[in-house]
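Could you slot chain B onto chain A? The hints should help.
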Amino acid sequence: MNDTIPGTHIEGQVLLKGMDIYGPDVDLALLRQRVGMVFQKPNPFPQSIFDNIAFGPRVVGLAHSKKELEPIVERSLRQVALWDEVKDYLDENALSFSLGEQQRLCIARLLAVKPEVILMDEPASALDPIATLRIEELMAELKKNYTIVVVTHNMQQAARVSDYTGFFWLGELVEFSPTAKMFTRPEQQLSEDYITGKMG
Amino acid sequence: MVAGIRSIFDREFDEVRARLTRMSVLVDIAIDRSMQALADRDTKLAEVVINGDGEINKYRFQIEEACLTLIATQQPAATDLREIIAILYMIVEMERMGDYAAGIAKTVILMEEEPLLKTFKKLFKMASISRQMLADSMQAFSKRDPILAQEIADRDNKIDELYKVIFLRLIKIMAKDPEMVTRCTYLMWCAHNLERIADRVINISEQIIFMTTGTLKEFG
Chain A
1 MNDTIPGTHI EGQVLLKGMD IYGPDVDLAL LRQRVGMVFQ KPNPFPQSIF DNIAFGPRVV
61 GLAHSKKELE PIVERSLRQV ALWDEVKDYL DENALSFSLG EQQRLCIARL LAVKPEVILM
121 DEPASALDPI ATLRIEELMA ELKKNYTIVV VTHNMQQAAR VSDYTGFFWL GELVEFSPTA
181 KMFTRPEQQL SEDYITGKMG
Chain B
1 MVAGIRSIFD REFDEVRARL TRMSVLVDIA IDRSMQALAD RDTKLAEVVI NGDGEINKYR
61 FQIEEACLTL IATQQPAATD LREIIAILYM IVEMERMGDY AAGIAKTVIL MEEEPLLKTF
121 KKLFKMASIS RQMLADSMQA FSKRDPILAQ EIADRDNKID ELYKVIFLRL IKIMAKDPEM
181 VTRCTYLMWC AHNLERIADR VINISEQIIF MTTGTLKEFG
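These protein sequences, in sequence, are chains A and B.
Here the first sequence is numbered in the working numbering, starting from 1 and rising by one per residue.
Here the second sequence is numbered in the working numbering, starting from 1 and rising by one per residue.
Just so you know, the hints here were simulated from the structure itself, not pulled from any lab data.
There are no misleading hints in this set.
Only pairs whose alpha carbons sit at most 25 Å apart, straight line, appear in this in silico SDA-like list of lysine to any residue:
(1) B:K143 x B:T213
(2) A:K143 x B:L68
(3) A:K181 x B:Y89
(4) B:K121 x B:D40
(5) A:K181 x B:S7
(6) B:K125 x B:I50
(7) A:K198 x B:P76
(8) B:K172 x B:T182
(9) A:K181 x B:I84
(10) A:K181 x B:A77
(11) A:K114 x A:R58
(12) A:K144 x B:F13
(13) A:K198 x B:L68
(14) B:K143 x B:E64
(15) A:K143 x B:P76
(16) A:K198 x B:A77
(17) A:K181 x A:I148
(18) B:K58 x A:P186
(19) A:K143 x B:R11
(20) A:K114 x A:L16
(21) B:K58 x B:R96
(22) A:K181 x A:H153
(23) A:K17 x A:K114
(24) A:K144 x B:Q74
Here chain A stands alone, though its shape is the one from the complex (with noise of 0.2 Å):
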């Protein structure tokens, strides 16, 4: 939607397995089912657990009826570790549960649709520390499946959960490296003072 923002232009290409995502035939509807996203602020639909997660389904038609719609609604709740917190209250309104859940829940609609790539912007900063951490060790466990990309000005938190870490400047890629090399013998200059905390 960053075309809607007058003055706006694009450079240069952003590919999904090949595919310029702002090529002019692109599917945007298919290309967010493909390509999930993970908010700063937890956004659930002012609506039931169970709705949250059956509507990308039911707007991609990968099902429709609630007998079809059961068995994804359980298994993207299971797959963030919610499906027991929340199984006796699918009719309660998703507004009504903790942040962390809710963001827990935000994930899990996202699953729903099988997406290959999750984008996360700061998806634990508006959490308290225990919550913060079941987020991550969350994206541990979904990065066996899917491709995580997380945006994040929390170093630690970048340090604990990636495999590959790349760290922008000023709108620059400065490095991309594996996490561990990165935050142990950073190739650049900057990256060394970034993370020793000499800069920025």
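Here is chain B on its own, set in the frame of chain A:
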């Protein structure tokens, strides 16, 4: 801390602990084989020990790298941090113990041309006590037992007594018969290496006490 919530960290830390245990086993095997080679004047076995020292060294560097990564990426604190620091010291001690075992093996090869000298039971007693100290130190580490670590440190007196007896006996032999000097010197090296092995275990015990109590204590 909610139990089990840091499963990434726990998994990686457990792997480090497992590697540390395997390293201690390699060191124990090296000491055992070097003494066996000495008893049997088995130069082939001695070469196995010498060549195997590289494997012990490799473990040291791998564990060091893993600890470095853990510190950089998982930000351990309190007991976890003390344990990682303790491990970093322990692997250096164990690597030196492996060097001492290889040193004993080298004397077997050097002594090959020397006429047979009756070796001392006390030398093997030193080895036996040192190996048990190492095994018990790993037990103290895995069980987080500072009392056992302290008790291990107390056994060093026995090692020092045995070393003194062997040292004085060898001096006496050399004084009586100059032709025995080379052989006795090699055996003195063996005794010295075994005494140093025990000293290294004492250092490990100090680290275990630091790890479990937060207190830096020096023995002896």
